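**Student:** This is what each chain is made of:
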Amino acid sequence: MITYLKSRIDLWALAILLFFSFSAFFAFSNLNLVTSYNDSMSHLNLTRLIIDNQEPGISQLGGVWLPLNHILPLLLIWNDMAWHTGFAGSIFSMIAYILSAVLIYKSILLLTGKKIASYVGAFAFALNLNILYLQSTPLTEALYVFFFIASVYFILKWMITQDSKFLPLIGFCGFLQVLTRYDGWFVTGLEVLILFAFEFMYNKKSLVESLSKMLLVSIPIGFGIGIWLVWNLLIFGDPFFFAVGPYSARAQQAVINESSPLITKGDWAISAKAYYYTAINNVGVFVTALGIFGSVLFLFVKSKIKSVGVRFLIFLLFLTPVIFNILALYLGFSILNIPDLNWKPKDDESALWFNVRYGIMALPAAALWIGMLASRKVWFGFLATLVIIFQSYVTFNEGIITVIDGTQGSSSYLNSDVSDYLKDKVGDDDQVLLAISFYNPVAFESRIDLKQIIHEGVSQKWGKALGNPQDYAQWIVMSNGRVGDPVYGHLIDKSNSYFLQFYDLAYKGRHASVYKIKDKMQEASR
Amino acid sequence: MDGTGKLTTGYLSYFNLDKKYSAFTTISKQQKIFLSLVLVILITFLSLNFLLTLKIVFTLIIGFYFFDLLFNFFLIYRSFVKDPEIRFSEAEILNLNRDWPTYTIFCPLYKEWEVLPQFLKAIQNIDYPKDKLQVLLLLEEDDIKTVSEASMMNLPPYLEIVVVPHSKPKTKPKACNYGLQFTHGEYCVIYDAEDVPDKYQLKKAVMAFEKLGHKTGCVQAKLSFYNAHQNLLTKLFAADYSLWFNLVLTGLQSINAPIPLGGTSNHFKTSVLKNLGAWDSFNVTEDADLGIRLAKNGLTTAIIDSVTMEEATSGVLNWFKQRTRWIKGYLQTYLVHTREFKVRSVIELKSWLCFQIIVGGKLLSLFINPLMWMLTLVYFAFRATLGPVIETLFFTPVFYAGVISLVLGNFLYMYYLMLGLTRAKEWNLIIFALVTPIYWLMISISAFMAIHELITRPFHWNKTKHGAHLKNIPESANWKLSLLSKGNI
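These protein sequence lines map, in sequence, to chains E and U.
Per the numbering used here, the first sequence starts with residue 1, numbered consecutively.
Per the numbering used here, the second sequence starts with residue 1, numbered consecutively.
The hints are simulated quantities; they were obtained by calculation from the structure and are not laboratory data.
A quick note: this is a predicted structure, and the numbers were derived from the prediction, not measured.
No incorrect hints appear here.
When the alpha-carbon atoms are kept at most 27 Å apart in a straight line, the in silico BS3-like pairs for lysine-lysine are as follows:
(1) Lys211/U with Lys274/U
(2) Lys425/U with Lys165/E
(3) Lys362/U with Lys165/E
(4) Lys111/U with Lys168/U
(5) Lys106/E with Lys82/U
(6) Lys82/U with Lys165/E
(7) Lys82/U with Lys157/E
(8) Lys425/U with Lys157/E
(9) Lys204/E with Lys425/U
(10) Lys362/U with Lys463/U
(11) Lys425/U with Lys205/E
(12) Lys304/E with Lys106/E
(13) Lys215/U with Lys132/U
Please take these sequences and the hints and turn them into a complete structure.
**Tutor:** As structure tokens, this is what we get:
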């Protein structure tokens, strides 16, 4: 019996992962949490717009969010149920979650040669309630984590075997990383440098050979970035539209900065502290402690990898996403908030949480080090397993931070009142003018037919509708204030609210308002 | 083979190959009818509905590109995963205490007396019992200089000079066919005069034949260049070869596809070669043709982990001449092997499909590539004005597939070159793969020159000039010498 179980243990482990993944999806789905994030809805709708829109086409991919997370769901997004339940996007996160756990297992096995310890590491990853939530959503985190872990695995494999066939695979993982999240643009760069350092300094290979190997990995990564720059140039006329355009993270941060300066910008200590808090909230304080202990042992106590230099490079490799996040906070490229920081950028409880999920990027490192810790002594592994289970229990009781952010924080959907209002009011023949870059979730949640919406992607009507909305739209949705919404910018700022001659304020929500065309005008426009 | 040379309307071929399997007839009557029919149908449809016909043509082209993209990816993947190269370690070879079979080396030379000493040195270096070796220097009757230079040399006893009587066609396969009647080797191989083979290559070939069994008709060694670093052209050429021999051929081997043999270092069992009808004297890439003929006869080609160092053509004009000949030969090969469509089994169907993709597809892409590159450039450069016009030439999904094929395809082909160089451990050359689009353009120009030659002088052998590397490099830093002194050669 034991022999049978042993021979089937990998299959059992895979079955358990599948069970975790699907159970989590169904549980969060039952609680209506799969699409609770603003971004979850936007990701789904971006994909749907490619096929369902007044001007369907691949150009609907947009230019700010990287495209991979919107291309993959094309396989299922045509199905209304898969679209509205979020499954069209979540399925890829779920696959990514399962494969991530498998690769964490394989990475630890590669480094330690110990199966049980590898299972403990994979368990630390798989039982984390935050990753279980994120893998149930169409967000990019789970997918990115997988591509990162895959690159780590192939780098380790290459370091150990010295087989060049792993170099293109590392490059390919980098290619996928840079097309999934901007984190990848930095992380892959650091990975390439680590690879070079290993080859040149540790393996004592010639400069040309080391650089050539670096090039072999960098070329697919550069290709991925290049595609995105060219795309931005072709669609928006500026290769850096994603970075400096009106819908970029920079523009978003500028708006926040106006109300309250970004506390992490230019301050290493606060940046590190902010990320530390969000990381322990995602990974769990006990699991983080285990991970830190494992990393210290890995660095300073001899293991299968004899060279301290190589151990340091691997240590750095695991930490690359963490380094990126701290750097991005310091440079002001990224923003996150968590109650532990005691920062309240605006007078709203929701502002206490924002982008908390970024902390999940520390989970792979923690899991890998826990696995390595478990490889040292059997009872370490046993203890680690108990800690992991206990951590999940604690997290469950205290609240899953990524769920809290998605339901109460700034990452949550804040315009449900507007979508609820529109749901019953918009007729089948009506047209709605709204900026999809701002109100994609409104479009998603109100269930308005996407063909009824005039947005930035409807190039033939968008400009004209902003000039004379009464000729095109029965409804207008716009922000309550100057937050970068182009509809607000045109109709209120530029045209001095001239449109109000034709429209009445139908509903004023907390963050956005709905205008309805006056009855007289409606008849005339029809 | 009748041994005396067969007279075919003014030509001497020295083989018994059926005329329909030879490039003597460039294009058959049926092929002419078929091509004319295609042309007539195309013109008719263009006149009936110009735009729709163009859309369908572009759909076919993009479909082909997309398929080619996938197929090449599959080949490279297979090459990495299966790694079908036949390997023998030095220790394995040295520990063998056995009788080796007789071996004949063909070395056709034409106006190449300068590289003769290098060849002699390379042959001398080969680790094979010299009493079992027969080296035939195939010289041409009208090449008085080489004949006299060779005659004056103090040649070892295993080396024989064979003077091929002056006749048309003046091709390498004809010389080899002539030499075949003098061979007494159980196995045989062709080396060019400038070749420097791995010293264990003959032993490796014998061991490979014995290991793989009677289904193996040919063992192909890999080719590489000793003057790869001479200039940009040789660097790109080296990248091209690295990809072909290290990844593509091994990928093809892994799926048992027909392999168009590479110019030299293809080893045969002499009896099998004779049974196949030997080389086609009228085909200017007789090696590629023979590779396909092997597959048609149910025989396979294996790639061994042994390298023959060659001289990369370093002059642009010389390169164009050589490439034009190669493409002309591929065209001949394609035409010869598409005359009959006999598919009697799944294996034959697979073989036929692979041939269509490897030879037909490769040729087709050479002619279409410039058009597609131009279309892309115009599209991006004049997107506002001409972009919509170009878009009307495609069905929307086809347009997307086309963009993917073009962007990803061109990137991947460039990247494959890098991977080929990585396999060959040519680290210094990897960066030069980035400028390979220039090289692709040159190949496409050669393709059009090849069409012209195929029509005007189909059997003409554009002789590649060898020995340029000897002139350009001071003797003290001679590639040849430094390579010959290396243990692995």
